[in-house]
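Could you put the whole structure together from the sequences, leaning on the hints where they help?
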Amino acid sequence: MSSELDALLSATFHEAGYAHMIELVHQKDAPARRRLAALRVDAYDAGGRRLAVVELDPAQDILDLDALVGDAARAHGRLLVVFDARYDARIFPYRPHHYAYLQRRDAATAPLYYALNATLGGVPDRIGAVALNNFETYLFLDRPLTERYALALGNLSRFATAEAQVITYYDGARHTEDVRLPPKAHAEIALAAARDGARLRRVELKALFRLTSYVVGRRPQGGELVLFDHLFTYFK
Amino acid sequence: MLGRLRSLARRALGVTRAPTYYLPWLTRPGLDCVVLVNNIESRFTSGRDATALDASVTQHDADGRVVAVHRTTLGDSTDAREVRLTPTAAGHGFVTVAAPRIHSDLYVALVDGESYRATHGRHEFVEHYPAWARIALALVGTLLGLAGRTVPAFARDQYVYQGPGGRSHVLILNLANVVNRVRVVATRDGRRVGARLLRLPPLGTALLDVTALAPAAGPLTVDRLRLTGNAWFNLYLVGAGPLDLDGTLSLMHVK
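Here the protein sequences come in this chain order: A and B. Quick note: the first sequence uses our numbering, first residue 1, plus one each step. Quick note: the second sequence uses our numbering, first residue 1001, plus one each step.
It is possible that part of the hints are untrue.
Simulated DEER-style distance windows between Cβ atoms [as the list claims (entries may be wrong)]:
1) A173(A) / A1136(B): 51 to 61 Å
2) W1132(B) / V54(A): 25 to 35 Å
3) A194(A) / D1244(B): 50 to 60 Å
4) H1128(B) / A52(A): 47 to 57 Å
5) D178(A) / R1101(B): 26 to 36 Å
6) A1136(B) / A198(A): 55 to 65 Å
7) D1076(B) / Q165(A): 33 to 43 Å
8) A173(A) / L1005(B): 52 to 62 Å
9) T1142(B) / R40(A): 48 to 58 Å
10) G1148(B) / R174(A): 55 to 65 Å
11) R1196(B) / G17(A): 33 to 43 Å
12) W1132(B) / A198(A): 27 to 37 Å
13) R1004(B) / A7(A): 51 to 61 Å
Going by beta-carbon spacing under 10 Å, a handful of chain A positions derived as facing chain B [to be verified]:
14) M21
15) Y101
16) F140
17) L145
18) E147
19) Y170
20) R202
No lab work stands behind these hints, which were simulated from the structure alone. Because the structure is a prediction, the values reported are computed rather than measured. Backbone N, C-alpha and C define an ideal beta-carbon position, used for all residues, glycine too.
What follows is the structure, encoded as structure tokens:
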């Protein structure tokens, strides 16, 4: 493998019972040319214990994630799945993108299609940074819906525990929750849909490290995913 | 090389590009579509103290005609306003947003009684062709169309999905004031399984049913679409569940 290759670390979460297809190279417009140089997939349980390591054929188009780690998810619950890709920047001048299709197998609702988080791999964005300097935001609709909201967070750091703040806004009232995640650990932080009669309007995530982060919405009965989306990063 | 050719052709045809922020929209009975206007990003800039931020949302129907112009104002940089889009018979199209002092990605959300799915828009451009270039493209396009072809000025590739529990539709946006003939070719496991030529009116849209293009039976099937058009276009993926377009829907941008 060439030492000139660039690296991309992406991550998502996988739960048992879902069809979950990962497009390893989105918009593969010239199959012979636009392919990754190498790709490794690791899966971790909520405590950060590694359950699977798989070297994949980088020429593969679509990965059936449930076929790969579904057994581990059935045994251990939600998994953090990390994609460590190496690529040639002449082929991908910006970077490759991984997109995904997600739907529970007995779903009554629509499949979800989303862009995987591209993360920095658990290193501070700026050397010497001491403040929380990653800001991510997501806005919610101002109407009562029955879905339950949460932030799914994972720490891709090798050695450092990540400290983060999840700040929710309810028509001006601010609520802060501190989160600590050991390396490769992950959690789903519930977001109350309303507080003191005011509806949830916005969530912010602040962290020293770039975390894996998705906004999650679930049906109240059965917990089926009906929303799985990235936040917007404004400072990094 | 192709990029240079396109640039030369644009100059020869007198095409101009107007910077435009756009989002797709989709309505169905029981399914609301709202644009969430906000200026959250400005909290981290010198624009954080701005007030009275105006936004104008122009809603184009599938045939390109303007259905409505919705206006709203943000009180400050933390404000967010929902603009409910007007349902139409076609039920899809795109909106353009004029908001010179708003510098955030805007969301569009599909809302049913229980939940919603959202995606963001794009700040790109709309192509404007002079009258003579529109006539020339119409003539060439008609001739090529007889053979099921188009002028391959722009191309996009997209994976699509279909299975027993759901499938993809593709919402194709014609971001030009000229008729856009978009040729869609589906391949599966390297084999061509379907092709279709779509005719999108200026600033119009088409909702492509992937199953009608290339039916699949059995488990979840992934097809690869190659789309080529004679003018600038983009696409969004629409996810449909077991009830297809009569059920809940999701909407997602692609790169």
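These are the hints, each one checked on the structure:
no. : hint                           : result
1   : A173(A) / A1136(B): 51 to 61 Å : holds, 60 Å
2   : W1132(B) / V54(A): 25 to 35 Å  : violated, 58 Å
3   : A194(A) / D1244(B): 50 to 60 Å : violated, 33 Å
4   : H1128(B) / A52(A): 47 to 57 Å  : holds, 53 Å
5   : D178(A) / R1101(B): 26 to 36 Å : holds, 35 Å
6   : A1136(B) / A198(A): 55 to 65 Å : holds, 58 Å
7   : D1076(B) / Q165(A): 33 to 43 Å : violated, 23 Å
8   : A173(A) / L1005(B): 52 to 62 Å : holds, 57 Å
9   : T1142(B) / R40(A): 48 to 58 Å  : holds, 51 Å
10  : G1148(B) / R174(A): 55 to 65 Å : holds, 58 Å
11  : R1196(B) / G17(A): 33 to 43 Å  : holds, 35 Å
12  : W1132(B) / A198(A): 27 to 37 Å : violated, 58 Å
13  : R1004(B) / A7(A): 51 to 61 Å   : violated, 31 Å
14  : M21                            : holds, 6 Å
15  : Y101                           : holds, 5 Å
16  : F140                           : holds, 9 Å
17  : L145                           : holds, 6 Å
18  : E147                           : holds, 4 Å
19  : Y170                           : violated, 12 Å
20  : R202                           : holds, 7 Å
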